[in-house]
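Line by line, the protein sequences give chains A and B.
Following our numbering, the numbering of the first sequence begins with 1 at its first residue and continues without gaps.
Following our numbering, the numbering of the second sequence begins with 1 at its first residue and continues without gaps.
Worth double-checking, as some hints may not be accurate.
[Said to hold, decoys possible] DSS-like, lysine-lysine: derived pairs with alpha carbons at most 25 Å apart:
id : chain 1 : residue 1 : chain 2 : residue 2
1  : B       : Lys-139   : A       : Lys-237
2  : B       : Lys-17    : B       : Lys-139
3  : A       : Lys-71    : B       : Lys-86
Rather than coming from a laboratory, the hints here were simulated on the basis of the structure.
The residues making up each chain are set out below.
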Amino acid sequence: MLFSHGLMDIFYLVIFPGFIFTMTIGLLSTQIDRKISARLQWRVGPPWYQPFADVVKLLGKEIIIPEGSNKISFLLIPFVGFAAVILLSTMIWLANIYPDSSFVGDLIVIIYLLYLPSIALIIGGSASRNPFGALGASREMKLMLAYELPFLLATFTIVVKNGGIISLGGILNYQASNGAMITQGASCIIAFIVALFYIPAKLGEGPFDIAEAETELASGPLIEYSGVTLAIFKLTKSMLLFTVPIFILSLFAKNIWTPWTILWYLLILFFIILIKNTNPRLRIDQALKLLWFPLSGLSLAGIILAAVGL
Amino acid sequence: MSDNHKLTDMSRWGLKKSPWAFHLSTGSCNNCDIELLDALTPRFDVERFGILLVGSPRHADILFVTGIVTVQALPRLIHVYNQIAKPCLVIALGTCACTGGIFDGSYHQIGPVDKIIPVDVYIPGCPPKPEAIISGVVKALAKI
Ligand code: SF4
Numbered sequence: 001m002l003f004s005h006g007l008m009d010i011f012y013l014v015i016f017p018g019f020i021f022t023m024t025i026g027l028l029s030t031q032i033d034r035k036i037s038a039r040l041q042w043r044v045g046p047p048w049y050q051p052f053a054d055v056v057k058l059l060g061k062e063i064i065i066p067e068g069s070n071k072i073s074f075l076l077i078p079f080v081g082f083a084a085v086i087l088l089s090t091m092i093w094l095a096n097i098y099p100d101s102s103f104v105g106d107l108i109v110i111i112y113l114l115y116l117p118s119i120a121l122i123i124g125g126s127a128s129r130n131p132f133g134a135l136g137a138s139r140e141m142k143l144m145l146a147y148e149l150p151f152l153l154a155t156f157t158i159v160v161k162n163g164g165i166i167s168l169g170g171i172l173n174y175q176a177s178n179g180a181m182i183t184q185g186a187s188c189i190i191a192f193i194v195a196l197f198y199i200p201a202k203l204g205e206g207p208f209d210i211a212e213a214e215t216e217l218a219s220g221p222l223i224e225y226s227g228v229t230l231a232i233f234k235l236t237k238s239m240l241l242f243t244v245p246i247f248i249l250s251l252f253a254k255n256i257w258t259p260w261t262i263l264w265y266l267l268i269l270f271f272i273i274l275i276k277n278t279n280p281r282l283r284i285d286q287a288l289k290l291l292w293f294p295l296s297g298l299s300l301a302g303i304i305l306a307a308v309g310l
Numbered sequence: 001m002s003d004n005h006k007l008t009d010m011s012r013w014g015l016k017k018s019p020w021a022f023h024l025s026t027g028s029c030n031n032c033d034i035e036l037l038d039a040l041t042p043r044f045d046v047e048r049f050g051i052l053l054v055g056s057p058r059h060a061d062i063l064f065v066t067g068i069v070t071v072q073a074l075p076r077l078i079h080v081y082n083q084i085a086k087p088c089l090v091i092a093l094g095t096c097a098c099t100g101g102i103f104d105g106s107y108h109q110i111g112p113v114d115k116i117i118p119v120d121v122y123i124p125g126c127p128p129k130p131e132a133i134i135s136g137v138v139k140a141l142a143k144i
């Protein structure tokens, strides 16, 4: 039912919740990130069009395919991650605008789609036949194993709490009648805190920029990418910076189809920027320990609390 | 500027507004490198002009070469230059890179940078001040 409006589908995917809208807001969020980071370091920071200029420039540059790489996966995989983000954003927004039109289990589809950009990084890094790329890919893989566990447990808390609804529209309808999920007791507050830690890990920002590691891996999986393919990776990351917080907001803070979302989104963005600028990068084993033991333990406690009814 | 003629107005604008820099030392005394790093500190804040230091030559638009090209560095310089996605600018940073400077005529050198790859802008000085580096980058961007 979600995609059954004929021509409207193309509009949804290309213009409003999909490509153009998500890209614009995502690039603007990247700009907010760079500007606030600059202000925190007592700098002036780049002008407002900076991320757009970066993308325009990359689109005009040469694409180099490294010798001995797997050409097809190297060139195609950025687009897989990119398409996944567009679909993800469209699904989340449409579920919010028309809660009744979402299908059962779309929560699971959304979680699967969230994997794809990271998998694109892993495959792209491995296909590039560069030792740094391979190292970055292996770190991204370990990081993925680390952050998915607490986040899955956190989403599971919501499902337990609302009595087994696994469609995003259903969760939104439940919140519309019973109040936002985050106000429903201690278990949901715990799940929300865990989900907040998931955002920088998912985006490879802040203390979790282990895979890209500018200083020692020279941007890891992206090391061999140039031109359009690099632009697609940068765009994917910017769009995720918008989509992941929006997904978490619609899980925890009622329908996002209200003006208040702008405020909540900016607060989450500011939180991400603050922990990014105040924490040094974690080692991969430290990240694994942090995400598996304290945070997964916390989400497990959240599930138990939710099962008891708190 | 290699491949300049192929650029559209849009990518010309993009290249001017977001030049990413890659830094290669081909045998400098390390002083020019330190001045380049000084130019990247928050005091000068070159991110105002969109300049970022990148770790991979594939992402770079400007190649900063410091120091005279030594016999050892020659293959590396050619390799890195070929790895950069074109169009790109090459800036010879410091007197050594421009003319050979105090190392001119020594036994270990091939010559200044423009003997091997095309150079767009020369920034003389031993070492050049960060202000001179920024002014050199502005001149380089004007050539796009
Ligand atoms: S120009 Fe001067 S400071 Fe720069 S590498 Fe040569 S000798 Fe060193």
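Results for each hint:
1. B:Lys-139 to A:Lys-237: Status violated; Cα separation ~33 Å.
2. B:Lys-17 to B:Lys-139: holds, 13 Å
3. A:Lys-71 to B:Lys-86: holds, 20 Å
In the structure shown, a violation is registered for the earlier hint numbered 1 alone.
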